[in-house]
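A.B. asks: Residues per chain, in single letters:
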Amino acid sequence: MKKKIIFPLIAAIPFVIGGCATDAHYVQTGDKEQIISVGQINIQDYANAANAAVKELLDSGVLDKVSNPPAVLFVSRIINSTGQQIETDLLTQKISKALLDSGKAVTTTTDPAAQGYGQKNDFMNDQKNTGVPDFTLSGKIIETIDRAGNTSRHTYSFHLSLNDTKTGYQVWEGEKEIGKQGTRSTVGF
Amino acid sequence: MKMRIYLSLAGIGLLALAGCTTVNTVENAQKEGQRNMVADARAITDASLNRKVSIVGVNTSLPPSGLLKVQVELQNRTRSLQRFSYRFEWFDANGMQVNNALSASIPDQIEGKEDKFIFGIAPNPNCKDFRVKFIEAN
Chain A
155 MKKKIIFPLI
165 AAIPFVIGGC
175 ATDAHYVQTG
185 DKEQIISVGQ
195 INIQDYANAA
205 NAAVKELLDS
215 GVLDKVSNPP
225 AVLFVSRIIN
235 STGQQIETDL
245 LTQKISKALL
255 DSGKAVTTTT
265 DPAAQGYGQK
275 NDFMNDQKNT
285 GVPDFTLSGK
295 IIETIDRAGN
305 TSRHTYSFHL
315 SLNDTKTGYQ
325 VWEGEKEIGK
335 QGTRSTVGF
Chain B
28 MKMRIYLSLA
38 GIGLLALAGC
48 TTVNTVENAQ
58 KEGQRNMVAD
68 ARAITDASLN
78 RKVSIVGVNT
88 SLPPSGLLKV
98 QVELQNRTRS
108 LQRFSYRFEW
118 FDANGMQVNN
128 ALSASIPDQI
138 EGKEDKFIFG
148 IAPNPNCKDF
158 RVKFIEAN
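The listed protein sequences correspond, in order, to chains A and B.
Just so we're aligned, residue 155 is where the first sequence starts under my numbering, counting upward by one.
Just so we're aligned, residue 28 is where the second sequence starts under my numbering, counting upward by one.
Just so you know, these hints were derived from the structure itself, not from any lab.
Remember, it's a predicted structure, so these values are computed and weren't measured experimentally.
No incorrect hints appear here.
Calculated lysine-lysine pairs in the DSSO-like style (CA-CA distance at most 30 Å, straight line):
#, chain 1, residue 1, chain 2, residue 2
1, B, 96, A, 219
2, A, 330, A, 251
3, A, 334, B, 143
4, A, 186, B, 140
5, B, 79, B, 160
6, A, 251, A, 282
Cβ-to-Cβ under 8 Å is the rule here; a few derived chain A residues that face chain B:
#, residue
7, 201
8, 215
9, 218
Using N, Cα and C, we set each Cβ at its ideal position, and we do this for glycine too.
My request is simple: use the sequences and hints to build the entire structure.
C.D. replies: Right, here's the structure in full:
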């Protein structure tokens, strides 16, 4: 009698587990289904950091102060001081694209073909392009971890600075802190 | 017996209040700056969020850079912290939505009874109109 009850119960387990599984589907970055990892930088964190940096940079008006607009920007090094391997291009490319779209800045390219055409153009027009950008953009990502019992709080600080190549001074600095706290990763805002 | 019930209720009340933190503020009464308030059109589909976090007003400015700046004042009507996310959308002079590289939802929070400002800057000088979307966090 007992066996008769236990076997159907065991047989039902895979169906119950199967019902809990999530079918694969497309998601949008920053939507309500996003995964929030406490000990990791998620894709929406890069977007939020880039958003804050671009907003502050455009609001500061520093890019409008160049003598020959739009400002020429060289995206320099972003130092990763976190304990994880991260792709800093996820941050810098978003910033570059937003600044290009704004019309307030253009960025230098590392594409050898474009550089070659530029040099050829200078030669044909008997010009000497110094190739020195107006500004360089550099930064650092720092992670701090606090723990209390099972709960941990990871704070990622995105520091960015804009440096004037003519004076060597830092003319703008932006900072965005993204803090995540919990005992485990979750889905949602 | 009655005493026990009262004590239990008081205990529950204290526990409920423990999660509430409200904000006291002070500001200059004679304002120097004048806000350029704009008439706004609202579409409220989440009444629950609107009851908790309401939109007080919207003001704009057009700085020399030509990038429209929009500021939205929010108020938390409840006594507890509320989490939400918002997203700015931008439109050109023809009403066409402008592609924005940074259009992700921005998570934010507001303390109990707090007044808070959020702001957005147009992605380029062609943007003339805007829309802000709010979604309550889980």
